[in-house]
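Trainee: Protein sequence lines correspond, in order, to chains A and B. Just so you know, we're using full-length UniProt numbering here: the first sequence kicks off at 1 and counts up by one. Just so you know, we're using full-length UniProt numbering here: the second sequence kicks off at 1 and counts up by one.
These aren't lab readings, by the way, just hints derived from the structure by calculation. Treat the hints with care, as some may be off.
When chains are identical, the list treats them as one kind, so a pair holds in a single copy or across two.
[What the hints assert, rightly or not] Quick list of in silico lysine to any residue cross-link-like pairs, SDA-like style, CA-CA up to 20 Å: (1) 358 / 60; (2) 312 / 13; (3) 90 / 112; (4) 190 / 347; (5) 11 / 44; (6) 48 / 229; (7) 46 / 188; (8) 48 / 21; (9) 136 / 121.
Number of protein chains: 2
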Amino acid sequence: MRMETLLEVYKQSKYQVPGHGKRDFHVLKRVMEGMDGQQESDLYGKGKVIEDFQVKMSEYLGKESAVFFPSGTMAQQIALRIWCDQKGLKRVAYHPLCHLEIHEEDGLKELHHIEVILLADKSRVIELDDVIGLNKDIACLLLELPQREIGGQLPSYETLEAISAYCRDKGIRLHLDGARLFEILPYYKKSAAEICELFDSVYISFYKGIGGIAGAILAGEKDFTETSRVWKRRHGGDLISLYPYIISADYYFDMRVNKMEQYYEEAKELAAFYNQCDRVSTMPIVPVSNMFHVHFEAAKEKMETILTAISKETGIGLTGYVREVTKETSNYEVSVGDLYSQVPKGALKNVFQLLNEKMKEN
Amino acid sequence: MRMETLLEVYKQSKYQVPGHGKRDFHVLKRVMEGMDGQQESDLYGKGKVIEDFQVKMSEYLGKESAVFFPSGTMAQQIALRIWCDQKGLKRVAYHPLCHLEIHEEDGLKELHHIEVILLADKSRVIELDDVIGLNKDIACLLLELPQREIGGQLPSYETLEAISAYCRDKGIRLHLDGARLFEILPYYKKSAAEICELFDSVYISFYKGIGGIAGAILAGEKDFTETSRVWKRRHGGDLISLYPYIISADYYFDMRVNKMEQYYEEAKELAAFYNQCDRVSTMPIVPVSNMFHVHFEAAKEKMETILTAISKETGIGLTGYVREVTKETSNYEVSVGDLYSQVPKGALKNVFQLLNEKMKEN
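Same shape as in the complex, but just chain A (with noise of 0.2 Å):
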């Protein structure tokens, strides 16, 4: 018989402990059950439901206008073009680990034309040093805040304040890469308009933290939105009706948005149980949002194994994949959202028991 696989037993285990639940069509059957059948759908970026959404979120970021986009890829490309153009200067900076950098099949490079300067290493993000060291002009810099790809660390708040002044007296635009932007906010103990004022421009994701089906909000000065609408049409993101993700995003952020204080307690109590454990240590030690990455001196295999056993027997799944780092190390990152309280304490307690004593076996 064919060994059940650790993504297999996860979907099964009666507890899943990161996340909202499962991206089924739950999410938007219980969002459409609760809406008026009669109200108009958007019409290419026009009509009540879009507008409406675009001024809250404009609100809620504290900047002039805001537009919104089918993805997160397409708002940030369109983002930097802008500033690019703006300036006659096509070249950028941003981490080695940016999004544009290592998802999105080099859409920056192949569509705009964009260069791109790395700053930093991998392993932390950019400081103030970085963006003085820059040794060619650049017409924007993006910083991602979380760094997702590093367990979603953070600079501190004056870092972020040195580098805004910067950028300003050096007539660099600062695009804010804020797909995880409402997780951060009880950590910086800031709201996103205050956040965002560093920035000229921002991106924010719905279906991160506030759970949503999918979509991006691009907001910034006027002039700057209306331009995004034009480069929207042209990646072919102006759809005749983005519904379908708006009432999703505006539905689940207004039930999460509250609630990432939550999230963010419950995910240094969930760090903490797994750094207790041997060979286990997460990053950052002490997240400093919903997030973090848990990192294994024990090789992929043998993690899947372990942890396919310690589901099997508590019901209780902690991930569904393991990715190898070196041949003797590997990780996974978890995301705390609503599932995290509904597991009993006891029980996740016994399953860090179990975790340490087959990471002291192994």
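For this one, chain A is given, so just place chain B on it according to the hints.
Mentor: Chain B alone, transformed into the frame defined by chain A:
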């Protein structure tokens, strides 16, 4: 008191003559109500919901492979880009009123730097002689069937075959803008696969005759569609979840794909009603699909007044807008859908009697 606009009166009319009905949230609610909520979302182009539909469409179109896109704008730019890259020649040809030329903010030129040769003049479809007469090499020829902006005209099937054979002989890729492909099958008396066999790549849409929410399919050989996935990601179209569009495309495809013959017959009947009126004519005189344009030898404002009055008097709405063509002429587009057969025939004949009288009076 402010006069009601034509659009307002049209929206309130008891019967609307064109279309499938309002683009409101019911369109999605109806689909979701019948869905099993436990079905999993697609995930960045993978998963049962997207893969099953892609297979279904590739089989329907008689192509090896198909990829679901959020929009035709994205799918078609990408198709032309792939054919240009394959030939190492960034030049294509299409009709002067092609969607890419007039509705996409020059995305093809701004993002893909592809040069375009406009074939045929604006008032007619592309014929074989236009293609033979090309004085520069091209990588790809795009044909739009039917040619929407001139009322949905079609070349003869023999012309299609001759253009296809010529292009194959000359190493020119032939791409089909099949936004309204379903709608032309009754006229040609061909299957979709028979038409598509003449083309190297095909785009179809799900919110015209099919009446879905948004979305498109791009189909062709496997190498072609695999490359299109890379460009889909670059464009920002590889969303984490496209299922709201996919399941509604599938739902309305099953509901309406076999009603195209009915819409076509009804369009011919409706066009005949228009053509009986003074200073009114349709383009084409006899429709070749479910669509046509209605031309008036009267100014836009005059027609708005007449059509508003008729709609208020009869409760039947012929259109929600009129476009200016010249100072003394105007037009609008008609696409026949589910609503036409619900309009009482006697009342409809009365509408056209009124229209004829008012056109004679004014």
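Trainee: Take the hints in turn and mark each one as holding or not.
Mentor: Checked hints:
Neither within a single protomer nor between protomers do residue 358 and residue 60 lie at most 20 Å apart by alpha-carbon distance, with minima of 46 Å and 53 Å respectively. In this homomeric assembly, residue 312 and residue 13 come within 20 Å of each other (Cα to Cα) only inside a single copy, at 7 Å, whereas the closest approach across copies is 61 Å. For the homomeric pair residue 90 and residue 112, the shortest alpha-carbon distances inside one copy (9 Å) and between copies (16 Å) are both at most 20 Å. Taking CA atoms no more than 20 Å apart as the test, residue 190 paired with residue 347 passes in neither setting, with 35 Å inside one copy and 64 Å between copies.
In this assembly of identical chains, the alpha carbons of residue 11 and residue 44 lie at most 20 Å apart only when taken from different copies (19 Å versus 38 Å within one copy). Proximity of residue 48 to residue 229 under the C-alpha cut-off of 20 Å is restricted to the intra-copy arrangement: shortest distance 17 Å within a copy versus 33 Å between copies. Taking the closest pair of Cα atoms, residue 46 and residue 188 never come within 20 Å of each other, the shortest separation being 35 Å inside a single copy and 37 Å across copies. In this assembly of identical chains, the alpha carbons of residue 48 and residue 21 lie at most 20 Å apart only when taken from different copies (19 Å versus 30 Å within one copy).
For a Cα distance limit of 20 Å, the shortest separation of residue 136 from residue 121 inside one copy, 18 Å, qualifies, whereas the shortest one across copies, 49 Å, does not.
In summary, the structure is inconsistent with hints 1, 4 and 7 from the numbered list given earlier, while agreeing with the others.
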